[in-house]
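K.L.:
The lines below spell out each chain.
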Amino acid sequence: MTISDIAKKIDGRIVCSEEKSTEEVEYAFSSDLMSDVLKVDRENVLLITGLANLQAIRTSEMSEINCIVFARDKKINGDIIKLAEETGIVLIESPFSVFRISGELYSAGIKPLF
Amino acid sequence: MQYRYKIAGGDFSNAGSVASSVKKILRQLNISHSVSKRIVIALYEGEVNIVAHAYSGIADVEIDSEKIRIVLTDKGPGIPDIPKAMEEGFSTASPQVREMGFGAGMGLSNMKKNSDTMNITSETGKGTVVELINYFSTDVR
Ligand SMILES: Nc1ncnc2c1ncn2[C@@H]1O[C@H](COP(=O)(O)OP(=O)(O)O)[C@@H](O)[C@H]1O
Ligand SMILES: [Mg+2]
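Chains as they are written, first to last, in our numbering: chain R, 1 to 114; chain B, 1 to 141.
Don't read these hints as lab results, they were simulated from the structure. These numbers come from a predicted model, not from an experiment. There's no promise every hint is true.
Said to hold, decoys possible - Interface residues of chain R toward chain B, partial, derived using beta-carbon atoms under 8 Å:
| no. | residue |
| --- | --- |
| 1 | Met34 |
| 2 | Leu51 |
| 3 | Leu54 |
| 4 | Gln55 |
| 5 | Glu61 |
| 6 | Glu85 |
| 7 | Ile110 |
Said to hold, decoys possible - Here are the simulated SDA-like cross-link-like pairs (lysine to any residue), alpha carbons at most 20 Å apart as the crow flies:
| no. | chain 1 | residue 1 | chain 2 | residue 2 |
| --- | --- | --- | --- | --- |
| 8 | R | Lys82 | B | Phe12 |
| 9 | B | Lys24 | R | Gly88 |
| 10 | B | Lys112 | B | Ile133 |
| 11 | B | Lys37 | R | Gly50 |
| 12 | R | Lys39 | B | Leu29 |
| 13 | B | Lys67 | B | Leu29 |
| 14 | R | Lys75 | B | Arg98 |
| 15 | R | Lys9 | R | Gly50 |
| 16 | R | Lys82 | B | Lys24 |
| 17 | B | Lys37 | B | Arg98 |
Even glycine gets a Cβ: it sits at the ideal position worked out from N, Cα and C.
Looking at chain B on its own, in the form it has when it is part of the complex (with noise of 0.2 Å):
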């Protein structure tokens, strides 16, 4: 199964609306909670990472019968420095986001603690791309 959904940079009134979304997807599936609550998880704070740090973005979401694989490609200012970038307490988010409950330094390490395998590429003044992958169980990873 293959799903995609847009994301507006700027956009806080629907920023989550992906990963609620994609977890009632996961309900119908019969995923148990604590496998579908990581993935949504991770899939929100990137959600709120497009919209508080880039200008739009697309998430791509693809299910089979072992695991979710989560790309999300965003057009923006990219990520200078990765590693820094995933440093808990390192952020550039603007006052704005800050009053969203959001901005404190936290979603990276968050993404990573939640899935199975993150990968980040990107490049600088044009996007970000963030894979996520999840397994279904816990033998397979």
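Bound-form chain R, shown alone (with noise of 0.2 Å):
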């Protein structure tokens, strides 16, 4: 599934990155604690989380993820965008909670990775 078609299962907005968003996504993983987020070792994976800060940022790149959806309509402010457009991460915010955009998602056929 492309990411733009998961922003629309999820009434998403994708804020940056937008060139990227014909990439395919496989897997997903919902989590506000990034060391568990580093231990990810799949390509083509989206995170879910409620975490909306640079460490979010910081930690897909080192994981190569590159997608984040923020749940709940967290306010991502303009260093966040920034340090996601330069390290080419697509930003999506989404007004659902994780709990809704996993099932959403899930139910689409985006696998889980444990």
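With the hints as a guide, dock the two chains, each given alone in a separate frame, to form the complex.
P.N.:
Here it is as structure tokens:
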């Protein structure tokens, strides 16, 4: 499933790096714990989180995660967007909860990591 | 090749910038993603530890044809009991560190897992030195 199809499924708005929204996502992982995200060792993984800070972007950069969904309309500030653009990570804002986003994407065929 | 970076304690906005720079260097050297990802994750956790637990630090990065060696040297409280600190789940992190998404006590074990060699020495009240070495090819390990 492409990143832009995922955004549609979760009422999401793509905030930046939109040029990458044709990329495919195969797996998703929901976490607010960055050390856990750093254990992700697969490709084409999407991160669903409520943690809207720079560390979510840095962690994704190191783990080669190319798309992050922020649940429940978290405020994403300019510094976060700037870093995501620099590192080529797509950010999506969704009004849904982590639980609902995970459920929607799971039933749409996105696979869990564990 | 040798590089030196400064790391400021408490500065969460910059935590990860050293790992990001090293990742770019390894990309330019055409080091495979699977190899560079491990060392960059270990370095990032080490950087976060200096930001979270120490006052200031330096990352010395040395790259030759077969390996990358990183030495993280900080001024800080030190680690009184290293085996205890290595245990997954042990953490003295502040609530502020937890708000950043860290502080679950998984950093040092993540660093161990993602490096070929890791050595820690520490002096209580002075600081900590963490050495990380990763080889580019699995056969020279
Ligand atoms: N550079 C450091 N200086 C002082 N203490 C440290 C340092 N790195 C790690 N520690 C200690 O070891 C503990 C475990 O570290 P770690 O596994 O990275 O977990 P966390 O950082 O999530 O607490 C920390 O809570 C801290 O007490
Ligand atoms: Mg840590």
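K.L.:
What's the verdict on Lys9 of chain R and Gly50 of chain R, does the C-alpha distance respect the 20 Å limit or exceed it?
P.N.:
Between Lys9 of chain R and Gly50 of chain R the Cα gap is close to 18 Å, so the pair holds against 20 Å.
K.L.:
Against chain B, run the beta carbon of Leu54 of chain R and see if the smallest gap drops under 8 Å.
P.N.:
holds, 6 Å
K.L.:
Quick check on Ile110 of chain R please, does its C-beta sit within 8 Å of some C-beta on chain B?
P.N.:
Cβ of Ile110 of chain R sits 22 Å from chain B, so the hint is violated.
K.L.:
Straight-line Cα separation of Lys75 of chain R and Arg98 of chain B no greater than 20 Å?
P.N.:
Distance ~19 Å between Lys75 of chain R and Arg98 of chain B Cα, so the pair holds.
K.L.:
Is the interface hint for Glu61 of chain R satisfied, with its Cβ closer than 8 Å to some Cβ of chain B?
P.N.:
holds, 6 Å
K.L.:
Hint check: is the beta carbon of Leu51 of chain R less than 8 Å from a beta carbon of chain B?
P.N.:
holds, 5 Å
K.L.:
Just to be careful, I want the Cα atoms of Lys82 of chain R and Lys24 of chain B compared with a cutoff of 20 Å; is the pair within it?
P.N.:
Holds, because 17 Å separates the two Cα atoms, which is no more than 20 Å.
K.L.:
Given the hinted pair Lys37 of chain B and Gly50 of chain R, is their alpha-carbon gap at most 20 Å?
P.N.:
violated, 24 Å
K.L.:
Going straight from one Cα to the other, do Lys112 of chain B and Ile133 of chain B come out at no more than 20 Å?
P.N.:
Judged against 20 Å, a Cα distance of about 10 Å means the pair holds.
K.L.:
Quickly compare the C-alpha distance for Lys37 of chain B and Arg98 of chain B to 20 Å and report which way the hint goes.
P.N.:
At roughly 24 Å apart (the allowed maximum being 20 Å), Arg98 of chain B and Lys37 of chain B break the hint.
K.L.:
Holds or violated: Met34 of chain R as interface residue toward chain B, Cβ cutoff 8 Å?
P.N.:
holds, 4 Å
K.L.:
Compare the distance between the alpha carbons of Lys67 of chain B and Leu29 of chain B with 20 Å, and conclude whether the hinted pair is satisfied.
P.N.:
With Cα atoms ~12 Å apart, Lys67 of chain B and Leu29 of chain B stay inside 20 Å; holds.
Comparing the model with each numbered hint stated earlier shows that hints 6, 7, 11, 12, 17 do not hold.
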